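Chemist: Using the sequences plus the hints, can you model the full thing?
Chains as they are written, first to last, in my numbering: chain Y, 1 to 248; chain W, 249 to 507.
Some hints could be false.
Said to hold, decoys possible - Straight-line Cα separation of at most 27 Å, DSS-like style, residue types lysine-lysine; simulated pairs:
| hint | chain 1 | residue 1 | chain 2 | residue 2 |
| --- | --- | --- | --- | --- |
| 1 | W | K493 | Y | K64 |
| 2 | Y | K181 | W | K493 |
| 3 | Y | K64 | W | K377 |
In short, the hints are calculated from the structure, not lab data.
Just so we're clear, the structure is a prediction, and the values are computed from it rather than from any experiment.
Here is how the chains run, residue by residue.
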Amino acid sequence: MSATKEFHGSSLELTDMAMAYGDVEILHNINLKVAPGTTTCIIGPSGSGKSTLLRGINRLHEPKRGDVIVNGSSILGDRPDDVRKRIGMVFQHFNLFPDHTALQNVALAPWKVKGLNRKKAEELAAARLAEVGLAERSDHRPRDLSGGQQQRVAIARALAMEPEIMLFDEATSALDPELVKGVLNLMADLCQRGMTMVVVTHEMGFARKVADQVVFMDEGEVIESGTPEELFNHPKSDRLRRFLDEVL
Amino acid sequence: MEFFDTISKTFLDFDSMLEVLPQLLKTGLTNTLIISISATIIGIVLGMLVAVMGIAKTRWIRIPARIYTDLFRGLPAILTILLIGRGFTGISQDIFGPSPYPLGIIALSLIASAYIGEIFRSGIQSVEKGQLEACRALGMSYGRAMVLVVIPQGIRRVLPALVNQFIAIVKDSSLVYFLGLLPMERELFRVGQDAAVLTGNLSPLVAAGIFYLIITVPLTHLVNYIDQKFRTGRRKATPPTSGLKEVSELQSSTQGERA
Numbered sequence: 001m002s003a004t005k006e007f008h009g010s011s012l013e014l015t016d017m018a019m020a021y022g023d024v025e026i027l028h029n030i031n032l033k034v035a036p037g038t039t040t041c042i043i044g045p046s047g048s049g050k051s052t053l054l055r056g057i058n059r060l061h062e063p064k065r066g067d068v069i070v071n072g073s074s075i076l077g078d079r080p081d082d083v084r085k086r087i088g089m090v091f092q093h094f095n096l097f098p099d100h101t102a103l104q105n106v107a108l109a110p111w112k113v114k115g116l117n118r119k120k121a122e123e124l125a126a127a128r129l130a131e132v133g134l135a136e137r138s139d140h141r142p143r144d145l146s147g148g149q150q151q152r153v154a155i156a157r158a159l160a161m162e163p164e165i166m167l168f169d170e171a172t173s174a175l176d177p178e179l180v181k182g183v184l185n186l187m188a189d190l191c192q193r194g195m196t197m198v199v200v201t202h203e204m205g206f207a208r209k210v211a212d213q214v215v216f217m218d219e220g221e222v223i224e225s226g227t228p229e230e231l232f233n234h235p236k237s238d239r240l241r242r243f244l245d246e247v248l
Numbered sequence: 249m250e251f252f253d254t255i256s257k258t259f260l261d262f263d264s265m266l267e268v269l270p271q272l273l274k275t276g277l278t279n280t281l282i283i284s285i286s287a288t289i290i291g292i293v294l295g296m297l298v299a300v301m302g303i304a305k306t307r308w309i310r311i312p313a314r315i316y317t318d319l320f321r322g323l324p325a326i327l328t329i330l331l332i333g334r335g336f337t338g339i340s341q342d343i344f345g346p347s348p349y350p351l352g353i354i355a356l357s358l359i360a361s362a363y364i365g366e367i368f369r370s371g372i373q374s375v376e377k378g379q380l381e382a383c384r385a386l387g388m389s390y391g392r393a394m395v396l397v398v399i400p401q402g403i404r405r406v407l408p409a410l411v412n413q414f415i416a417i418v419k420d421s422s423l424v425y426f427l428g429l430l431p432m433e434r435e436l437f438r439v440g441q442d443a444a445v446l447t448g449n450l451s452p453l454v455a456a457g458i459f460y461l462i463i464t465v466p467l468t469h470l471v472n473y474i475d476q477k478f479r480t481g482r483r484k485a486t487p488p489t490s491g492l493k494e495v496s497e498l499q500s501s502t503q504g505e506r507a
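Modeler: In structure tokens:
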């Protein structure tokens, strides 16, 4: 693994963030600090609000209260489109554009959003695809790629916008078991290279090995957070102990 | 025997068919195609507008689109054509001159746009929500995401329905004869009808009918063809690849790069 920090991940802080769908409050007063270039894994049972938390960070869903602070300044006053240029996201079901090739999937946003010319955008896309081991698949369409390959294209697509922070929403949950490791390794690699990452995951092995910080959530609240060692080896709360009993 | 004689004389009199054939080709077919194709093109443009308005988040954009669709889909085509074709002659005279032909096309376009708008809307709404979300997460605006990613996928899914709509428009184009067209503006039905009245024989109308079928039947088969192609996909069957192969590929490619 190369140790050069080629990414310049930003810090992220959530203060008293609350989120609601209609009148139903899903997240209550979330406080979270993510140091630049570190990886935070969010674990917890289904319905605990993990995915909603990610959506609040890049404002796919607007937070109801509290603040989201990137690199020291609040992003809630910025245009949502500008916020999302700085924060990449990878989805459980990849959400690649089916009528675009792998290369076009990656090149589209740099071309149309960042305003690079088409040729530059495609060169950048080719480089990003090579990084995720898909140089030879660049003219394949998503349906001709395996799930693992599709998710790697999706990661390359997010990286092509040169984000300061990357959000992963159960990025390996829809993959065949033998393909999970490849994607996780790629994510661990990004972490090594200095990206700030917030990873919602059910892969406890990944959280233990790669995370700088693990956050356990349940029923819309952060129950416990700390180093992997603290959470996995010395869980304080009953709920985390019960959760770990079930998943490990 | 006499019965069949009468039948063939009434419907299949080749002489009167042949007599009207040049006019059916030159005037009738040309006008039917001009009317139908223009109405379809205008209908597609207006229909897309109605569809996009119909899925807007703001209620005050959605409601007019809804009313428009209900109106033009709910009224009999002939009534719309007469109301517009007769009602706007004043304005039309200033722009297009005395012929009701353009008004006929406009009326057909409005009717078509209501149906096409619904076709587009269903297509666009059938595109998975994740597509829009992925675009937004990359920093695209709603409009750009729709234009670049969501709408093209939606259109592709409804191509068969659009061809069906064109067939309906071809048939409905015969209704503009109610507006009283000049001899050189008459479409297939009116040309056949005129000749039928003159000769006292229905064969020219049968000939006109054959022309309609020549347009519509191949199109219905085209629909089936498109439909099947989209269902099965263009892709040739390839043998399945083992996931393990991908694992070793990935290992060698990343190791190579890191070395």
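Chemist: Each of the hints needs a verdict: does it hold here or not?
Modeler: Now the hints, each set against the structure:
1. Between K493(W) and K64(Y), the direct Cα distance comes to roughly 47 Å. Violation of the 27 Å bound is thereby established for this hinted pair.
2. Proposed proximity of K181(Y) and K493(W) is supported: the alpha carbons are some 14 Å apart, at most 27 Å.
3. Restraint check for K64(Y) and K377(W): satisfied, since their Cα atoms lie roughly 22 Å apart, inside the 27 Å limit.
The earlier numbered hint that this structure contradicts is number 1, and it is the only one.
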